[in-house]
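Asks: With the hints as your guide, set chain U onto chain Y.
2 protein chains.
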Amino acid sequence: MNAEIIAVGSEMLTPYRQDTNSLYITEKLNGVGVSVDFKTIAGDRRKHLVNVVRHALGRVDIVVISGGLGPTEDDLTREAAADALGVRLKRDPDIIAQLYKRAAVRRWTMTRNNEKQADVITGATLLPNALGTAPGQWIDTVFGTHRKLVMLLPGPPHELKAMFEEQCLPRLSEILPKRHIATRVLKAAMIGESAADTKIAPIYTQYKDVETTILAHMGDIEVRLSCSKPIADLAQARVDELAGKIEEELEDFIYSSQGETLEQIVLYYLEMRGATLAVAESCTGGMVAERLTSVSGSSRSFTGGAVVYSNRLKVELAGVDPRLIEQHGAVSRDVAVALAEGIRERCGATIGLGITGIAGPAGGSEEKPVGMVYVAVSDADGTEAVEKRFPGDRRSIRFFASQQALDLVRRRLM
Amino acid sequence: MNAEIIAVGSEMLTPYRQDTNSLYITEKLNGVGVSVDFKTIAGDRRKHLVNVVRHALGRVDIVVISGGLGPTEDDLTREAAADALGVRLKRDPDIIAQLYKRAAVRRWTMTRNNEKQADVITGATLLPNALGTAPGQWIDTVFGTHRKLVMLLPGPPHELKAMFEEQCLPRLSEILPKRHIATRVLKAAMIGESAADTKIAPIYTQYKDVETTILAHMGDIEVRLSCSKPIADLAQARVDELAGKIEEELEDFIYSSQGETLEQIVLYYLEMRGATLAVAESCTGGMVAERLTSVSGSSRSFTGGAVVYSNRLKVELAGVDPRLIEQHGAVSRDVAVALAEGIRERCGATIGLGITGIAGPAGGSEEKPVGMVYVAVSDADGTEAVEKRFPGDRRSIRFFASQQALDLVRRRLM
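As they're listed, the protein sequences go chains Y and U. Each residue of the first sequence is one higher than the one before, counting from 1 in my numbering. Each residue of the second sequence is one higher than the one before, counting from 1 in my numbering.
Pulled out of the complex, with its shape left as it was, chain Y reads as follows (with noise of 0.2 Å):
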């Protein structure tokens, strides 16, 4: 079966709003086996609401509807759905009646307008609202000669994505074919999409009832792997054996196979050694310290560190010998090797991170280019530097940076 995916309000017609709810449905249908074709937005204009609903009908099985459901006179998917589906509306008593407690509780005046939440489409189904006003809809019926499946979802994706999961999953499962899909995803820091895909795309090509997707974004990669099979463990044994030849294949760039972030990784490495690790970032200017301090529990094997954006505080707080500073440089090897050896040193951590570099658009040279990066790791056995030039804009270079120096921390842990 095959769905179309309508999203309704004005504001996701403006250049400041997306509509984000579908990315959520589509997972959940993609999960049951149905496939999305096409994905609509519309404005809360009654005619132009029937006109895309009568279309999705013309053209899918299934139609989600989310959004335009509240009391207020812009809310008219109730009225569109009905007309387009040729059926009447008709206002439930109970549910006014449940409206008029739900405002008693809450001690609200309920205006006279919320009472349309209680029209219902003729052959509807309700779908109770636990968290919000306004309950959905479920429409099992035949249009033309075919069943169709309509859903009238809330807005707000808290309420969306309960209502969906909690009421129209199971409706769907008892409908459609029992499939069994399993997922896996794989993620790898510091190779490129191309040499990624390259490498891997003579494997995950022979396996046709994987869906394989790669997804790039600045130095991490994510291979998402999908399975449906009549059986669970049969899809389960074919995504897992795809997903061994691609780990065998991408070795150690590969540092999750579960989908956990590289920060999270890092840290999970730190907590199974017992180590602590300190970093002092320039051209990062604390991104891996707020990358890493995002994950909940980070305080048990992140100390912390500095961000020495002077030449200053490179000494003053990680320790690094002004001459050095001086005869090669703050963008420097030998700088980001003392920052590593100094911060490590002053905070009495087991490993220190070291980042220094040119994130642009000024204050590059010839010798230094813009993207230029000078990253080092120092534990007892000793300190490693590397030498890096990234591309793009500032934001790009600091992201890559800070890819790069937790992924020589991962690698240290190894």
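Since the hints were made in silico from the structure, they are not lab data. Source: prediction; values computed, not measured. A hint or two may mislead.
Here are the simulated PhoX-like pairs of lysine-lysine, each with C-alpha atoms no more than 25 Å apart in a straight line [stated by the list, open to error]:
(1) U:Lys116 with U:Lys47
(2) Y:Lys148 with U:Lys47
(3) U:Lys148 with Y:Lys47
Per the computed footprint, the stretches of chain U lying under chain Y, defined by three or more beta-carbons under 8 Å from a beta-carbon of chain Y, are [as the list claims (entries may be wrong)]:
(4) 23-32
(5) 39-46
(6) 286-295
Each residue gets a CB set at the ideal place from its N, CA and C atoms; glycine is no exception.
Replies: Leaving out everything else, chain U in the frame of chain Y:
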């Protein structure tokens, strides 16, 4: 006139990718007075594409299609648009010659399938692609009894933007009635969306000819004003008048009237006063430093600072008296003050900033719940500290805290 934007590509019907071109196109179309009434996303299937283009021709004046112009079998936009318009495609020998020339210059082998990029819809004007291979097409035609404009644009955002800006907008401006649009963006920090709206709704609702949009994001509010008039000065006068009244009402919550970010404003004030800033961050873990250093040239007034996640580092790097931590706990007004004063002295900065709090989800207590944050700012005139309770998850609490910290520095500099 109204428009529909159609994004073509099966990858945008997965849970992982979104169409973003439509935000840019919407902004530009709005700028010449065209409203976007529908957005549609369809995959790389000819039947589906013909269907969506045909529906679009039936409901809007302008159809903008992006993607599906490349050389592969999956690139079907040309064929589908021709089918929907009921006209033919003709392979243009001049374009074929150009394609071969382009390939030769780059020492590529031009395979046969590339020739389909030379297929031109009958009656179309070609739009040369300065940044890629596939040319776009501009169709100005009569469909049924109505004039319709159809644009075929490449999918890659940089190619699409250049082509739209340089070739489509000038053509549109010639066709559409002259209008002048003036805009202003006011930004405010640390005021809630509903609090702000309660203050300013009585004002902006008086300006029926100015479109006012409020966007809110964790302690940051954007008020966007837009006015369209036949005379440029008139439009500008209206948005400026309304902007002035809103600024008066929101007073010192407003930090920018030209759309700058809060970190840009803080750096601008620092530089104006010849001041420098150093930060000592606990719960924000480097986020304040990262936000400041994301701005190019920040090194002129931001010296750096310390991420003092552990108590040891609060003492070691920010010079906090360990007895203060023992007595009041690491999350306390006294420690925030000591962090601000200590880091200011240690870094030799004009202003010191200290942040400590509980970002959660773990680590809260009845006395000091998750979301409790202390921020202190210190300069030659003394130190002030604020206590806040921020809502939401770890990400939200950390962002709110960083926003509060930057805003406190801004107010100190005002």
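Asks: Against each hint, give a clear statement of whether it holds in the structure.
Replies: Hints versus structure:
no. : hint                  : in the structure
1   : U:Lys116 with U:Lys47 : holds, 18 Å
2   : Y:Lys148 with U:Lys47 : holds, 20 Å
3   : U:Lys148 with Y:Lys47 : holds, 20 Å
4   : 23-32                 : holds (count 5)
5   : 39-46                 : holds (count 6)
6   : 286-295               : holds (count 8)
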